[in-house]
Structures are given as structure tokens and as C-alpha cells.
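Protein sequences appear in the order of chains A and B.
To convert, note that position 251 of the first sequence is 257 in this note's numbering; the numbers rise steadily by one, no gaps.
To convert, note that position 405 of the second sequence is 411 in this note's numbering; the numbers rise steadily by one, no gaps.
If you're looking for bench data, these hints aren't it; they were derived computationally from the structure.
Among the hints, erroneous ones may be present.
Copies of one chain are not kept apart here, so a pair can be met inside one copy or by any two copies together.
Said to hold, decoys possible - Here are the simulated BS3-like pairs of lysine-lysine, each with C-alpha atoms no more than 30 angstroms apart in a straight line:
id, residue 1, residue 2
1, K169, K253
2, K366, K89
3, K366, K379
4, K253, K366
5, K89, K379
6, K89, K253
7, K373, K253
2 protein chains.
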Amino acid sequence: MAAEEDAEALAAARPLLTDLYQVTMALGYWRAGRARDHADFELSFRRCPFGGAFSLFAGLRDCVRFLRAFHLRDTDVQFLASKLPPDTDPAFFEHLRGLDCSRVTLRALPEGSLAFPGVPLLQVSGPLLVVQLLETPLLCLVGYASLVATNAARLRLIAGPEKRLLELGLRRAQGPDGGLTASTYSYLGGFDGSSNVLAGQLRGVPVAGTLAHSFITSFSGSEVPPEPMLAPAVSEGPAVNLPAHVKVWLERVCAHLGLGKQEPHPGERAAFVAYALAFPQAFQGLLDSYSVRRFQMPWLERISITVSNNVDEEELARLVQEGSEVDGIGIGTSVVTCPQQPSLGCVYKLVCVGGQPRMKLTEDPEKQTLPGKKAAFRLLDADGSPLLDLLQLAEEPSPQPGQELRVWPRGAQEPRTVRPAQVELLLGLWVHRGQLCQPLPPLAESRAFAQRSLGHLRAAHRRLQSPEQYQVALSEQLQALVGSLSPRSSP
Amino acid sequence: MAAEEDAEALAAARPLLTDLYQVTMALGYWRAGRARDHADFELSFRRCPFGGAFSLFAGLRDCVRFLRAFHLRDTDVQFLASKLPPDTDPAFFEHLRGLDCSRVTLRALPEGSLAFPGVPLLQVSGPLLVVQLLETPLLCLVGYASLVATNAARLRLIAGPEKRLLELGLRRAQGPDGGLTASTYSYLGGFDGSSNVLAGQLRGVPVAGTLAHSFITSFSGSEVPPEPMLAPAVSEGPAVNLPAHVKVWLERVCAHLGLGKQEPHPGERAAFVAYALAFPQAFQGLLDSYSVRRFQMPWLERISITVSNNVDEEELARLVQEGSEVDGIGIGTSVVTCPQQPSLGCVYKLVCVGGQPRMKLTEDPEKQTLPGKKAAFRLLDADGSPLLDLLQLAEEPSPQPGQELRVWPRGAQEPRTVRPAQVELLLGLWVHRGQLCQPLPPLAESRAFAQRSLGHLRAAHRRLQSPEQYQVALSEQLQALVGSLSPRSSP
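All chains should be built: construct the whole structure from the sequences, respecting the hints.
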């Protein structure tokens with residue numbers, strides 16, 4: 007695995023995966039003597055995707071890997087120098103050469119968490135220049151991962167817990183890493199596996215697949231398999247006459263698919279016999295109608311691939327409501343490309359610099375940022391279901407279970423009171439001054455966490471169409487700070 | 007650049023970026039003694055994207071790189087062994103260890119070509135097992151690159167040749183490589199550049215950018231720049247009093263944006279002074295109203311980024327029709343995620359094996375494949391505009407300029423005659439038995455080729471809404487072969 011990991015690490019560490027303006031701003035900060043000012047940025051989204059009331063957060067492992075590997079090589083600095091004015095002070099490039107994330111601290115929701123608008127997914131603190139440079143890569147790594155995980159979670163909610171959902175979209179993904187990201191995070195969001203072998207190799211995603219149509223068309227029937235008698239599985243009786251079994255099985259499949267009595271093409275028979283010779287155990291499984299539910303049927307996989315362009319939320323709901331006998335469903339384009347909404351639209355905003363809270367002033371209240379370094383809590387009911395997420399200033403005391411507190415729901419004109427039965431601290435410390443503080447959980451664990459979290463969410467919020475919005479509220483102190491920094495409050 | 011190229015080559019060479027069923031089929035072919043059968047596959051799409059009548063072909067350079075680097079390492083083979091039945095013959099894995107593309111031949115359209123439904127973008131020939139394994143990576147590499155290039159070409163047609171179009175979508179891309187692919191191929195499709203620095207470094211895409219809102223919010227006004235007097239550019243007169251100039255300039259920008267007389271926040275003034283100190287030449291340019299057209303104005307870039315979530319084809323058309331003074335337009339989400347249609351839906355079909363033509367039999371005529379190894383020609387009018395694309399069997403003589411020939415338009419019941427003034431051979435030989443046969447043109451050259459090709463396309467086909475479909479026709483021999491292999495022709 008070492009070579010693979012090296013390639014991945016190299017790919018992850020591409021520090022120029024950023025917008026040029028991050029670099030020109032870096033020069034601006036440096037020239038103003040502010041490169042090392044301590045800055046706090048928050049990454050969040052403004053609206054849940056797909057018309058829903060929840061999102062899953064994903065991509066933390068990629069962000070951590072990026073931060074820890076972040077370093078500008080000589081070739082990178084030379085390239086940047088070629089894009090900046092020729093009279094730029096060489097000392098700036100010396101500064102860039104010495105950059106890394108050894109003074110950067112990252113707090114984040116756990117991977118697979120429920121996430122809501124305005125609640126930070128990531129908090130990134132460190133020298134202004136370097137945390138500014140991280141903006142684009144972090145947005146890129148979190149946005150799509152969270153979007154596809156949320157998309158997968160919605161499809162899982164529609165399918166119910168039993169149906170086997172496979173992601174088959176690598177060929178439709180937006181670039182190779184788009185495919186790898188999609189396979190990884192659709193699994194995190196609730197799929198059972200993927201056809202993408204690389205996602206299995208690099209991320210441990212369960213992989214699945216049998217055969218495609220080209221295998222069938224490659225046989226004309228004249229290719230007599232060298233040994234059409236299938237040896238028995240260990241201690242499982244006599245040899246099997248494959249061609250005869252394939253004939254019976256193809257008839258069954260045709261009947262199952264409602265195709266009536268069709269005479270399979272001789273090439274089809276030969277192809278299945280050849281496949282059975284390669285996978286005798288799996289094929290014997292196919293002959294057993296119970297096992298049809300445990301193994302993918304080659305013919306059905308053909309169907310699912312054909313259908314995969316069209317299996318969207320609506321079609322999946324139809325398949326499920328029909329109580330279809332098919333319990334494995336392959337989804338390609340509509341899980342990986344998220345056609346309902348192809349981008350989560352995250353933002354990365356400066357909330358504090360040199361200890362002073364900052365706020366983006368704008369007339370659009372949705373785009374107004376929340377100033378100051380914050381703590382975030384999820385207030386829960388006695389049954390463990392979330393009541394609301396509370397944002398407050400980092401220095402305020404934590405809310406206590408059983409104690410009533412007054413909070414300002416975002417966008418509301420009036421405060422409300424709430425008495426949580428339980429309180430969860432949302433943002434954990436993952437990287438402190440460049441050092442990993444706790445191990446990242448395995449992907450399968452984050453997947454289970456996501457499913458448990460979704461299970462606790464009230465049905466009204468979990469509903470996919472016209473859900474009730476989940477409340478995010480500010481503490482009184484934070485609300486007061488917003489007021490004091492808003493333009494209308496100035497004289 | 008060596009280290010970068012290594013990282014890229016490693017990333018490109020990930021041979022397990024494929025669907026598991028390619029591997030199970032490989033075992034099936036091998037077990038049937040057919041691994042080395044000579045096979046011909048064609049990669050094409052069925053319908054032009056976005057409701058248009060043309061597509062651009064892109065991704066060839068990535069395919070060539072993938073083929074040339076293709077090789078399964080020991081760790082890859084071990085991983086595959088862990089996913090196949092434990093009793094799989096070890097000789098199969100030995101076969102996999104020895105695989106490469108040294109017997110694979112690739113023909114393709116030139117990068118940036120106009121492409122139409124059913125006309126092969128790629129023809130891949132070689133041993134059945136290996137060319138089957140290439141299916142998923144080639145579909146992944148061609149599909150999105152072509153889609154985003156076509157999307158960019160449409161936006162360029164709307165914008166006209168003069169407007170400066172910048173791709174700003176890295177943060178909204180579907181994974182890091184999604185961003186790199188989007189930046190590269192939106193440039194190929196007709197954009198002027200990208201904000202993505204890595205696309206500049208690795209692909210030579212022009213990069214651009216100035217500053218974002220966080221730079222402004224990071225200043226409160228108390229940060230007095232150390233030297234507010236700007237030294238003159240070489241031989242350009244006296245020193246400039248920056249704060250005074252910034253004040254004037256901000257007023258002009260506000261007026262230009264129709265914001266009326268606003269008093270800029272002291273932090274805004276300080277931010278622009280700091281920026282001007284870092285980029286004195288560019289800023290002096292900004293002070294000159296002519297140069298506003300040559301350099302991006304920081305304030306306008308803020309606007310374009312804000313707007314970038316919303317600049318789609320319709321909004322761009324509106325901006326252009328208004329004759330807006332803005333001549334640089336940044337587009338993010340809608341160019342990189344292709345929300346109108348997020349996948350091109352390419353297919354990779356076996357057309358010939360062991361010299362025998364093969365055809366996928368299906369009741370859906372659109373999904374029927376065209377059998378046999380083919381040649382493709384573009385028949386042109388005297389003015390160089392394409393009349394139709396002709397597919398014929400590889401062994402047929404080429405159509406000749408000035409000679410009338412009878413062809414069967416796809417889907418038509420009757421043949422038609424056509425007399426081309428010029429004939430172009432469409433599919434060039436790029437890789438012959440693993441060896442690159444001709445250098446790949448630089449990206450900028452492919453970009454210019456795409457623009458020239460689009461310029462020759464008749465307006466009726468180039469039109470973005472309700473265009474006239476461009477004809478793809480079969481030779482009489484190919485038409486006869488299709489007929490002989492179709493189910494209805496069998497007794």
C-alpha cells in the first residue's frame with residue numbers, strides 16, 4: 007500500500023490547488039505587515055441542499071490530510087513568482103517557502119455529523135496569510151464530499167434500511183477524483199458499496215460488480231468453453247452440467263423480468279457459461295433463487311446499469327413502493343453528479359483577526375456572516391432528538407442540561423427559551439498547531455454515526471419534501487455582538 | 007516541474023480507477039481462453055448535451071497519459087486477488103501482472119474537435135482483456151472533459167469573442183481533480199483563463215485573480231500602511247499619494263456600480279491602500295479608466311464572484327444584451343458543475359472481436375450500436391462548413407471530394423446523396439501499440455482549433471436553442487451490415 011499512499015499523499019498535497027487571488031491577497035497581507043496576525047475563519051453553508059432541512063458534513067479526513075501535508079515546494083514558489091509582478095520583494099517568496107500548517111488549528115464537526123445552515127463545519131485558526139491560502143482547497147474538499155454524502159443519505163432514506171444501494175457512477179463522475187470522492191462519501195452517506203475499485207483500495211469502500219453487456223456481445227456461441235462441466239464446490243455433490251443449468255437459469259431470469267419465453271442468443275448462453283466457469287461459487291449461488299437476493303444477478307446488473315441514468319429520488323421511491331423483488335439497486339449519475347443541486351455553496355469567512363471580531367456587511371441577511379470566534383452546541387430533547395443548534399461566543403459558559411436559556415433563533419425578531427435535556431459540544435479539536443489530536447474514525451464508523459444521527463432527527467426535519475426547518479439560534483451575547491457591528495446600529 | 011509531473015503521472019496511472027465488473031469480466035475472458043483475442047471498442051455519445059446540436063471532444067491528453075502509464079503493480083494485483091474468489095487460478099494474477107498497453111492502439115478525434123452522436127471519439131484496439139479494463143477510466147476521462155468544454159463553448163458563443171470569461175469554480179467543483187479538469191477544459195472550450203493556480207502550473211492555463219472580501223474585512227482602518235506614498239513606476243513621474251487616490255477611485259467604482267455617493271468604510275480604504283502597495287503597477291492601472299478594461303477591478307471581481315453562483319447561460323445573455331460595461335465575467339458553479347446536464351453519458355462498446363463485427367441488440371434504436379471497425383469522415387461544403395459526418399467500414403475506400411455518394415442518415419428510412427467539396431478524415435492515429443505516434447498539440451492550440459471549428463459550423467447547428475440536428479450517416483455497406491445483424495432480419 008505504501009506506493010499508493012505516496013501517490014495519494016502527493017496528490018493531496020498540491021498546495022497550488024487554490025485561487026490566484028488567495029496568493030495576491032497573501033502578498034497584500036505580507037506587504038502590510040499582517041502575514042502573522044492571528045486570524046479565525048469559519049467554513050459553513052447557507053442553505054441545506056436539495057430542498058431538505060439537513061445536510062451531512064463530510065470531507066474532514068481530506069482536509070486534515072491537506073493541512074498536514076501543506077508546504078510550498080521550490081517549484082511552486084517559482085511558479086507563483088512568475089504570476090506576480092516582477093518587482094515583488096524576494097523576501098515575500100522566502101516567507102512562502104517557509105510556510106506550513108504548524109501554527110494552524112482546526113476544529114470541526116465529526117465526519118458524518120448532521121449539519122445545519124450557519125453552523126461552522128470547520129473552524130480554522132492561525133496566521134492570517136496561511137489560513138487565507140487554505141480557503142479554496144478546504145471549500146473544494148468539504149463542499150462536494152458533504153453534498154454527495156447528503157445526496158446518498160436522502161436516497162438511503164427513500165430506499166429504507168434493507169435495500170442494497172450501490173454507487174456505479176465512476177464513468178459519469180466529474181473527473182477521476184470526483185469519482186473517488188463520490189464513491190467514498192456516498193458510502194459514508196449510507197450506500198452499501200461502489201463499483202469503483204480504487205475507492206476500495208484507497209478508502210476501504212466495499213466494492214461490487216459482475217459483468218457488463220460487452221462481455222455478452224463478445225461471445226457468438228462458437229466459443230465452446232474448454233470444460234463445460236463445472237466441478238462441484240468442496241463437498242457439494244456431483245459435477246454440474248453448466249450449459250443445461252445456464253439454459254434453465256436464463257429462462258427464469260427472462261420470466262422474472264417479464265420478458266416472456268425468449269430464446270436466448272447462442273452467444274448469451276456461451277457468455278454465461280464462460281462466466282460461470284470463472285465464478286463457479288457465485289454462479290451456483292445464482293442458480294438458487296434465494297441467493298439471487300444475496301448475489302447480484304448479471305442480467306439484473308445489466309438492468310440496473312441501464313436504469314442507473316434514470317434512478318433518481320422519484321424513480322427510487324417508485325421502485326420501493328412497488329415492493330419490487332429487486333433488492334439491489336445501482337445508481338450512477340444521479341448520486342455522483344447531484345443533478346438536483348450540483349454544489350453545496352459553502353463559504354469560508356473571516357470572523358476574527360487579531361482578537362477583534364469581524365463581520366461581512368451586506369444588505370442580504372442570508373449572506374451576513376456571524377462575527378467572533380464561536381462555540382457550537384446541539385441541544386437535545388430527553389429522547390435524544392435535536393431541538394436546535396446554538397451558536398455562542400467561545401468565551402461564554404456552556405449551556406447546561408436541564409437549565410432554561412434564552413436564545414435568538416436566526417432571522418427571528420424575538421428570543422425564545424429552551425430547556426435542553428442533553429447538550430452536545432459540536433466542534434471537536436482535530437488539529438492543534440499542526441498536530442493531529444485524535445485519530446480520525448474509520449469510514450465505516452463515520453457511516454454508522456451518520457445513520458444513527460439521522461435516526462435521532464425528528465421526522466418533520468428528516469422529511470425530504472417540504473420539511474420543517476431546523477432551528478439554529480444565537481446566544482444573547484452573540485446576538486448583541488451582531489447588533490453592535492451591523493450598519494443600522496451605527497449613528 | 008519534475009516533482010509535479012511525477013505526482014501527476016502517479017495520479018494518472020491509478021489502474022484501479024475502474025469498475026469491479028471490468029475485473030470480473032477479465033477473469034471470465036481469461037478463463038475462456040480469450041484474453042488475447044483482438045478486440046475493437048468505440049467510445050461515443052448518444053446525444054449532444056444541453057439541448058444543443060454539437061459537442062466538443064476533449065480529454066485526449068489524459069487518455070493518452072493513462073494508456074501509456076497503465077500497469078498493475080503488485081499491490082494492485084494483491085488488492086484484486088482479495089476481491090476475487092479465493093480459488094481463482096494464480097496464473098490469472100500472473101497475467102494481470104504482465105499487463106500494459108504495449109499492444110493497444112488508439113485512434114481519436116483531435117482534441118477540441120466538433121463531435122456528433124454516434125461518431126467515435128475514441129477507437130481502442132488490442133487484446134480483449136486489457137481494452138475491456140480501460141472502459142471505465144476512458145469514459146471517466148473523456149465524458150466530463152468533453153462536457154465542460156462544450157459547456158464553456160456555449161458560454162463563449164453567448165458572450166461573443168471579446169468578453170473576458172474567467173472560470174472561478176474550483177471551490178464548487180466535484181473534487182480536486184474535478185476542479186483541475188474543469189479549469190483545463192473550460193479554457194479549451196473558449197474561456198480566457200481560470201482562478202485555479204494548479205491548472206496554471208500543471209496545464210499552462212492562464213490564471214487570474216485579485217482579491218476577495220475577506221481581505222477587505224480583515225482591515226478595520228487602524229492598520230496604517232507603513233508607507234502610504236506609492237513610488238512611481240519606472241520613468242512615470244512623481245510619487246502617488248495612495249490614500250487620496252484610493253478615495254477618488256472608490257467613489258468612481260461606487261458611481262460605476264450605481265451605488266451612489268457612499269462613504270466607504272475606513273477598513274475598505276485601508277484594504278485598498280494595502281493592496282495598492284502590493285500591486286503598485288496594477289493599481290495605477292486601475293486608476294486609469296481605460297485600464298479598467300484591461301485589469302480586473304477588485305470591486306468588480308467581488309461582484310463577479312457574488313454573481314458567479316447565478317451567471318448561467320440566461321444571465322450571461324442578459325449581461326451581454328445590456329451592453330454592460332463589464333467586459334470580464336467570472337463564472338463558477340454553472341461552468342464547472344454543468345447543472346443543465348451534469349453528465350455527457352458516453353458509452354464504450356465492443357464493435358469487433360477476432361475480426362468479427364459485433365452489435366448490441368436492443369429494441370431501443372438509440373441504444374443500438376454500430377458494428378464493425380469503422381472509419382469516419384467529415385464531408386464539407388465548398389466554404390468549409392460541415393455537411394454531415396459519414397461512418398463507413400474501415401476497409402471501404404475513402405469518399406472523394408467532388409464525387410457524389412449515397413449515404414444512409416441515421417434513423418432515416420431512405421438514403422440520400424451528397425457531393426462533398428472537401429473530405430476530412432476524422433480519426434487520427436495517436437497511439438500505435440503503446441507508442442505515441444504524433445505529439446499532442448499544446449492546450450492553447452486545441453483551444454484555437456475548437457474556436458475555428460465552431461466558426462465553420464452552420465449557424466443552424468450552432469444555435470443553442472432548438473438547433474437543427476447535424477446529420478450523421480452510414481455508408482451503404484455499413485447500413486447493410488447493420489441490417490444483416492439486426493434481429494428483425496433473422497428468419
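Intra- versus inter-copy proximity for K379 and K366 (alpha-carbon distance at most 30 angstroms): within (14 angstroms within a copy, 61 angstroms between copies)
Within, between, both or neither: K366, K89 at alpha-carbon 30 angstroms: Within one copy, since 29 angstroms is at most 30 angstroms while 52 angstroms is not.
K373 and K253: within-copy, between-copy, both or neither at 30 angstroms Cα: Answer is between; shortest inter-copy Cα gap is 26 angstroms, intra-copy 64 angstroms.
Homo-oligomer pair classification [K379, K89; C-alpha up to 30 angstroms]: Result: close neither inside a copy nor across copies, 34 angstroms intra and 47 angstroms inter.
Intra/inter-copy verdict for K89 and K253 if alpha-carbon distance must be at most 30 angstroms: between (67 angstroms within a copy, 28 angstroms between copies)
Same-copy or cross-copy closeness of K253 to K366 [CA-CA at most 30 angstroms]: between (70 angstroms within a copy, 21 angstroms between copies)
Alpha-carbon proximity context of K169 and K253, limit 30 angstroms: This pair counts as within: shortest intra-copy Cα distance 28 angstroms, inter-copy 64 angstroms.
Hint 5 from the earlier list is the only one contradicted by this structure; the remaining hints agree with it.
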